[in-house]
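A.B. asks: Chain order of the listed sequences is W and R.
Once you know that position 88 of the first sequence is 591 in this note's numbering, the rest is easy, because the numbers rise by one and skip nothing.
Once you know that position 308 of the second sequence is 309 in this note's numbering, the rest is easy, because the numbers rise by one and skip nothing.
FYI, nobody ran anything at the bench for these hints, they're computed from the structure.
The C-beta atom is built at its ideal place from N, Cα and C for all residues, glycine as well.
Hints may be right or wrong, so weigh each one.
[Unchecked claim] Covered by chain W, according to a simulated footprint, are these stretches of chain R (three or more residues, beta-carbon under 8 Å):
#, region
1, 6-15
2, 46-59
3, 76-85
4, 90-97
5, 102-108
[What the hints assert, rightly or not] Far from chain W by the CB rule (all over 10 Å, computed), these chain R residues:
#, residue
6, Thr135
7, Asp191
8, Leu195
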Amino acid sequence: MKEIKKWKEKVEPINLNEDEETILNQMGLKGSTRRKFLKQVTAASLSICASNYFSSEVFANSIHKLPDNAGVLMNEIKLKLRVNDLVKPLTIDSRTSLLDALREHLILTGTKKGCDHGQCGACTVIIDGKRHLSCLTLAATCENKAITTIEGLAKDGKMHPMQEAFLKHDGFQCGYCTPGQICSAVALLEEAKNGDASFVTDNLKQMQRNLKLSEEEIRERMSGNICRCGAYNNIVQAFKQVHSGNAEMPTWQFATKEQMEKAKGA
Amino acid sequence: MRPFTYTSANSKEQALLTYRPNSHYLAGGTNLVDLMKEDVERPDQLININNLSYNQIIANDNGGITLGAMARNSETANHQEVRTKYPLLSMAMLSAATDQIRNMASNGGNLLQRTRCPYFFDTSMPCNKRQPGTGCGAKEGMNALHAIFGYSDKCIAVHPSDMCVALAAIGATIEVQKPGGSSRMIAFSDFHRLPGEQPEKDTNLLPGELITAIHLAKPEFSDHYYYLKIRERSSYAFALISVAAGLQLNNGVITKAGLAMGGVAHKPWKLIKAEAYLSGRIPNQANFEAAATLEMKDAKPFKESKYKVEMGTRAIVRALTQAYERKA
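Looking at chain W on its own, in the form it has when it is part of the complex (with noise of 0.2 Å):
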């Protein structure tokens, strides 16, 4: 046990040159904090060394046997999450995203991170009814509240109907948005039973329960997830099979003559 102390002071950092000395001091880690973290580095570096001797496969078991907490952590949250009617208690640093606490804690991995800054949708998961992006949301703000990601849509073994309107539809190609359309979808089908409006609504002060929404009501109140492989047409119907039971294919036109004289003039 000495001996373990004493090697634990050997790795203290005595003689800091000024460029690590500057580093540190940007990063805001003094005095304990700063040695605690020096410490976690020491130790992740051996890792690193150490891991050529373990095979893949250890690493992808080693996944079930994750402990909840993790061993130090800097500004450390204990909280009750509850995903998909399950509750797990989670040990995390306070700048963890929703995100990253449901992919990297949780094991859940439906939810995608694309570009991690409330630009393009794909983390999209709804809490207490509502779409929100995971990647803007910290985990610490989640206590108490019912989220639910694209793993908990299927009930009793059966897809949700707009899962299976997408695989219907081909609402996807690549697929890496497609957790995050098929959450917002859903959301969105309740949004328009509650009579919402969006900013493409022809008459705002006309409050009505249970919209039929056009496909420009449908693009509109989607545009906060972005498919980079362009399924747009697909999404929007599938969307309308769930919505409408109106599976009709949309289709584009160029604007007419008149059409474009008129919005000229508007």
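Add chain R to chain W, keeping to what the hints say.
C.D. replies: Just chain R now, kept in the frame of chain W:
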């Protein structure tokens, strides 16, 4: 992202007491968390205020309504009272971001949105707003998205909010809690500031002050209103230029005009000259054009933002025309 301590406040008192320099109150987080990831915002402490009870939308004593600071943008834009009496506000809010972001973003947070100037976001670039004294990269650089009114030598960034442009047009009062426990009222036009010598300050809020409510006066523009937003794609983009226009008409004459512009200044730009010009005049193309020209002749664009003068003039005319011709 840099480390920070996290506290969740269950009361206003707790939030105010927990505040210390370099803390941030956390509401929706749609702007703050993003800027922390970009290393632009570097708070030591976040105080979660999502559990505070400022989430009501209720009638107030002045015949108007009061929007709780913690009510979400989507709830606010879809609230019956807002849609029927302040549809201009509703329309502007619905033009912003996406349903996901509007479900998260709070009304108080919307007032505190920071600029989308690319030099502000890029920590390898000079920016007086992000790091005072480093200079302004945009003045001599890429300035197509920047101010044409009210800027200073230090900063030419623009305010990004749509909601705030509508609030500038219809008028509002912001209620804030001071750290000592008392509250104060700030007229909307005094809430945001021009960059001057201190571009790092977007608003006149003092450290630790907490926004609790937005008070709206009696509705004046519930019949003739329009929010025109011009952007590079038709949804999910910030405005190049936007115009909030409200008209009050009596016997074919304009009795009052509420006009404000977004994407042109460090704060929502109230079109005071155009409003004054239109009051008492007949709503027609010639008067709309005269009002727009009167306002835009003061514009001083940069190399890449010259287009904003012509675009702005046309946008004012078009927003006024749409507001006037509106049937519902």
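A.B. asks: Next, verify each hint and record whether it holds.
C.D. replies: Now the hints, each set against the structure:
A stretch counts as covered by a chain when three or more of its residues have a beta carbon under 8 Å from one of that chain; for the region 6-15 of chain R and chain W the count is 3, and the coverage holds. Only residues whose C-beta sits within less than 8 Å of a C-beta in chain W count toward coverage, and the region 46-59 of chain R has 3 of them, enough to reach three; the restraint holds. Restraint check on the region 76-85 of chain R versus chain W: 5 residues with Cβ-Cβ distances below 8 Å, three needed, restraint holds. Counting residues of the region 90-97 of chain R whose CB falls under 8 Å from any CB of chain W gives 4; the rule of at least 3 is met.
Figure legend: the region 102-108 of chain R, annotated as covered by chain W; annotation consistent (3 residues with Cβ-Cβ distances under 8 Å, at least 3 required). The beta carbon of threonine 135 of chain R is kept farther than 10 Å from every beta carbon of chain W, the shortest such distance being approximately 16 Å. Look at aspartate 191 of chain R: its CB is around 29 Å from the nearest CB on chain W, clear of 10 Å, so calling it non-interface holds up. Here leucine 195 of chain R stays apart from chain W, with its beta-carbon at least about 28 Å from theirs, past the 10 Å limit.
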